[in-house]
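Q: Line order of the protein sequences matches chains F and U. So for the first sequence, this note's numbering puts the first residue at 1; every next one is plus one. So for the second sequence, this note's numbering puts the first residue at 1; every next one is plus one.
It should be emphasised that the hints constitute simulated quantities derived from the structure, not laboratory data. Hints are supplied without guarantee of correctness; some may be wrong.
Intra- or inter-copy, both count: the list cannot distinguish identical chains.
[What the hints assert, rightly or not] Straight-line alpha carbon distances no greater than 27 Å define the calculated DSSO-like cross-link-like pairs of lysine-lysine that follow:
id, residue 1, residue 2
1, Lys165, Lys193
2, Lys193, Lys84
3, Lys393, Lys193
4, Lys282, Lys84
5, Lys393, Lys84
6, Lys130, Lys282
7, Lys130, Lys393
8, Lys84, Lys165
9, Lys282, Lys425
10, Lys130, Lys425
11, Lys393, Lys282
12, Lys165, Lys130
13, Lys393, Lys425
14, Lys84, Lys130
15, Lys425, Lys165
16, Lys425, Lys193
17, Lys193, Lys282
18, Lys193, Lys130
Protein chains: 2
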Amino acid sequence: MIDWEEMAARGGASWVESANDPDGGFPLDNLPYCVFTCGDRRHPRPGIRIGSLILDLAGASRSGILEGLDHSVLAACHAHTLNKLMACEPAMLAALRTRLLHLLHARADQATRGAMGVLLSPVAESTLLKPVDPPNFTDFYASIDHATNVGRIFRPDTPLLPNYKFVPIGYHGRASSIVVSGTEIRRPSGQAKPASGGVPALGPSRSLDYEVEIGLYMGQGNALGVPIGVASADEHIFGISLVNDWSARDIQSWEYQPLGPFLGKSFATSVSPWVVPLAALKPFRVPAALRASGDPDPLDYLWNPDDQHSGAIDLVVEVRLLTSAMRNAGAEPHRLSRANLRDLYWTPAQLIAHHTSNGCNLMPGDLLATGTISGPHQDSAGCLLELTVGGGKPVVLPNGERRSALEDGDEVILQGYCRRDGYPKISLGECRGTVDPAR
Amino acid sequence: MIDWEEMAARGGASWVESANDPDGGFPLDNLPYCVFTCGDRRHPRPGIRIGSLILDLAGASRSGILEGLDHSVLAACHAHTLNKLMACEPAMLAALRTRLLHLLHARADQATRGAMGVLLSPVAESTLLKPVDPPNFTDFYASIDHATNVGRIFRPDTPLLPNYKFVPIGYHGRASSIVVSGTEIRRPSGQAKPASGGVPALGPSRSLDYEVEIGLYMGQGNALGVPIGVASADEHIFGISLVNDWSARDIQSWEYQPLGPFLGKSFATSVSPWVVPLAALKPFRVPAALRASGDPDPLDYLWNPDDQHSGAIDLVVEVRLLTSAMRNAGAEPHRLSRANLRDLYWTPAQLIAHHTSNGCNLMPGDLLATGTISGPHQDSAGCLLELTVGGGKPVVLPNGERRSALEDGDEVILQGYCRRDGYPKISLGECRGTVDPAR
């Protein structure tokens, strides 16, 4: 008898051949969710990626192969976003995942394969849509390397503010302007002070930047007034995605005192089309980052004994840049940075426990992003502001171009993946965006 | 022939007697929207208040008395919130208002009155629900008196930051924790520094405060990337309400650097049940507040020639407090402050133009709150932080109680209204909330 739970954590072969490449990123162990259309599947619908194919969950729900699963899950498979799936009971979603593992496993019989075959579309022929309409978007500041690098630019002597090691700093972001990977990013206009000083003026941002982040999509939320404890917080995470928190530094620096970032961020935030279930990341759970000697322990409500073995996620995030000149020359995108989610000062569970510690209610589909993910090295800085030390040291690209801010036509490509010996690679896919000229 | 447009702006008698009290606040000229249930009307539905009654819009839509109106408006009358009405064309909503003015006018015939009668419920017997589920919530900082008073507490020499007179400062608030008037407000817990200094700890807030604000509910929004010009911004406002932006000052002051308020605000925001259409406020439009000599002119994108005669709204907001001791003694609520919306440094249109200047897309039902409304006098300060000058001068109530922060059992009552000679009073109703003990 197959132990499907174990298999979900340890890999398994699928009859979908493209899923069995250990470096492909979309094995049976991954099965990320998306919302897509393809050919006759004209209406947006949830799907599950396996290898180079997408399984139509709406069709699967109708076909009978998901028979016996919870009714709310089957109904949610017909929605136009993943929000309704995210509102389902975790146990019912686990049952869906187990069923799909059965159906797509190499041991599935020919009848199953036949029934499944008509429900599969090639990713290459599909249109990937915004997977979730997040009711609320929160952005954290969980990378101590990012906070330190940015702080050092403005306050060389005291880069970290006194609250940083106690409070998982976060703020409310703008939900309406979240767009899916591939959506062009219009360069925003805004009020900024001229570099020379003097009176501010409205104009296209001259300091457009990206920020590489990981987004946590919430599953079931909490009632207003009832905090989520840190020990059970992971149960409220449906899955994760890549997030590019585009930032107009000149707008941001002029507007942000005293109430924080606003129009410097709210013009667009890109998310990847795939939502990787937390279950797929189980083999990559690692101890939370060690705190430096002398750092305070997390306060009780943020203290989770499990953090010492599995609080963090070993997940690599990479940023690449493709300029117009590179594109025209047929060059490959150039990697600007590589960092790891495990280096964050706060774990996903700590972010959720803190967010709800005042009774704030999280809702299914809410997006909680980590903030820029940077690491301790110069080539692990997750935005141009840090990479260029505030613009003073432009990045030099292989073709000789220099960047201290994004130019029109620049495409930023985020990638994320987990690797571990003995396990197939788990990919988050890509989150892309190209800068369009200001209106 | 009756000029209904003119009548809408100049008053008129209704066959609903309770509407004809010039000080009643809910004359034919007002007709604020709500969502309610009452008796057999068990499912939440939109309504319109007239005098002491609510007209059931779902029933009206079914009954035929709204025949000929736009289909999208009629369909929106069956929704459980006002969001769908807010998404309708302004001209179609104006037609609905004109129809209701006809139907409720003293000149309406007996057949009309009979058909309407069965659709009316007493406010006193109705349950008023949260009228809107705002997809996004933005909070501004538009009162220069508030910004100055608060700034002076922390920076006596430079109370106003350099950006204030150029930038309509705002930030994203938390949409999920918006609650309707009457909902108990659980005292939040959170991380704060002890007054004596030292290590922060989690505990119930010791500095709970209210903030009196006006909320603008958006009608039709804008596409991502396409700003709303200041001259047409008012057309995007559906209506206004009272907002209490509850604030935990101790949590806020420890968390807010560098990204702004978060958990100090997100535990609850109260809104009044009535949404007063902008059309009802037309007689109360007044010139925007004069800028002090030496203040910069608004930048071009915030400059609207109309502001000089009708940019602002002459609307009084009052705050009252009822403590447990006062309630037990049968005392009346004590007025803490009275201020006027017209004193804001930025007009509603300027807030909208600024918010969208970077291309950020507003959505129907979005809530844009003004920030605390204070005036130039000590008794016009719109929160306890200001009234007590940072807690140093507690408010003394008529029964001898003192307050520098809210205590459990305290009820805060916000009221808003417009008055002008020759016009009936237009009321926004009340926004109430009582502080429950921490969990």
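Q: All hints, please: hold or fail.
A: How the hints compare with the structure:
Taking identical chains as interchangeable, the C-alpha atoms of Lys165 and Lys193 lie at most 27 Å apart only when they sit on different chains, with a minimum of 13 Å there against 32 Å within one chain. Within a single copy, Lys193 and Lys84 get their C-alpha atoms no closer than 44 Å, and across copies no closer than 40 Å, so neither meets the 27 Å cut-off. In this assembly of identical chains, the alpha carbons of Lys393 and Lys193 lie at most 27 Å apart only when taken from the same copy (21 Å versus 38 Å across copies). In the homo-oligomer, the alpha carbons of Lys282 and Lys84 lie at most 27 Å apart inside one protomer (24 Å), although the nearest pairing across protomers, at 42 Å, exceeds that limit.
For a Cα distance limit of 27 Å, the shortest separation of Lys393 from Lys84 qualifies neither inside one copy, at 46 Å, nor across copies, at 51 Å. Taking the closest pair of Cα atoms, Lys130 and Lys282 come within 27 Å of each other only inside a single copy of the chain (25 Å); across copies the shortest separation is 41 Å, beyond that limit. Proximity of Lys130 to Lys393 under the C-alpha cut-off of 27 Å is found in neither arrangement, the shortest distances being 36 Å within a copy and 52 Å between copies. With identical chains, the CA atoms of Lys84 and Lys165 are never at most 27 Å apart, being 36 Å at best within one copy and 44 Å at best between copies.
Taking the closest pair of Cα atoms, Lys282 and Lys425 come within 27 Å of each other only inside a single copy of the chain (13 Å); across copies the shortest separation is 63 Å, beyond that limit. When the C-alpha separation of Lys130 and Lys425 is checked against a cutoff of 27 Å, the pair qualifies only within one copy, where the shortest distance is 24 Å, while the shortest distance between copies is 47 Å. For the identical chains of this complex, Lys393 and Lys282 are neighbours neither inside a copy (39 Å) nor across copies (55 Å), given an alpha-carbon limit of 27 Å. When the C-alpha separation of Lys165 and Lys130 is checked against a cutoff of 27 Å, the pair qualifies neither within a copy, at 35 Å, nor between copies, at 38 Å.
Proximity of Lys393 to Lys425 under the C-alpha cut-off of 27 Å is found in neither arrangement, the shortest distances being 35 Å within a copy and 62 Å between copies. For a Cα distance limit of 27 Å, the shortest separation of Lys84 from Lys130 qualifies both inside one copy, at 14 Å, and across copies, at 22 Å. With identical chains, the CA atoms of Lys425 and Lys165 are never at most 27 Å apart, being 33 Å at best within one copy and 53 Å at best between copies. Taking the shortest Cα distances, Lys425 and Lys193 never come within 27 Å of each other, neither inside one copy (46 Å) nor across copies (44 Å).
In this assembly of identical chains, the alpha carbons of Lys193 and Lys282 never lie at most 27 Å apart, being 47 Å within a copy and 37 Å across copies at closest. In this homomeric assembly, Lys193 and Lys130 never come within 27 Å of each other (Cα to Cα): the closest approach is 35 Å inside a single copy and 41 Å across copies.
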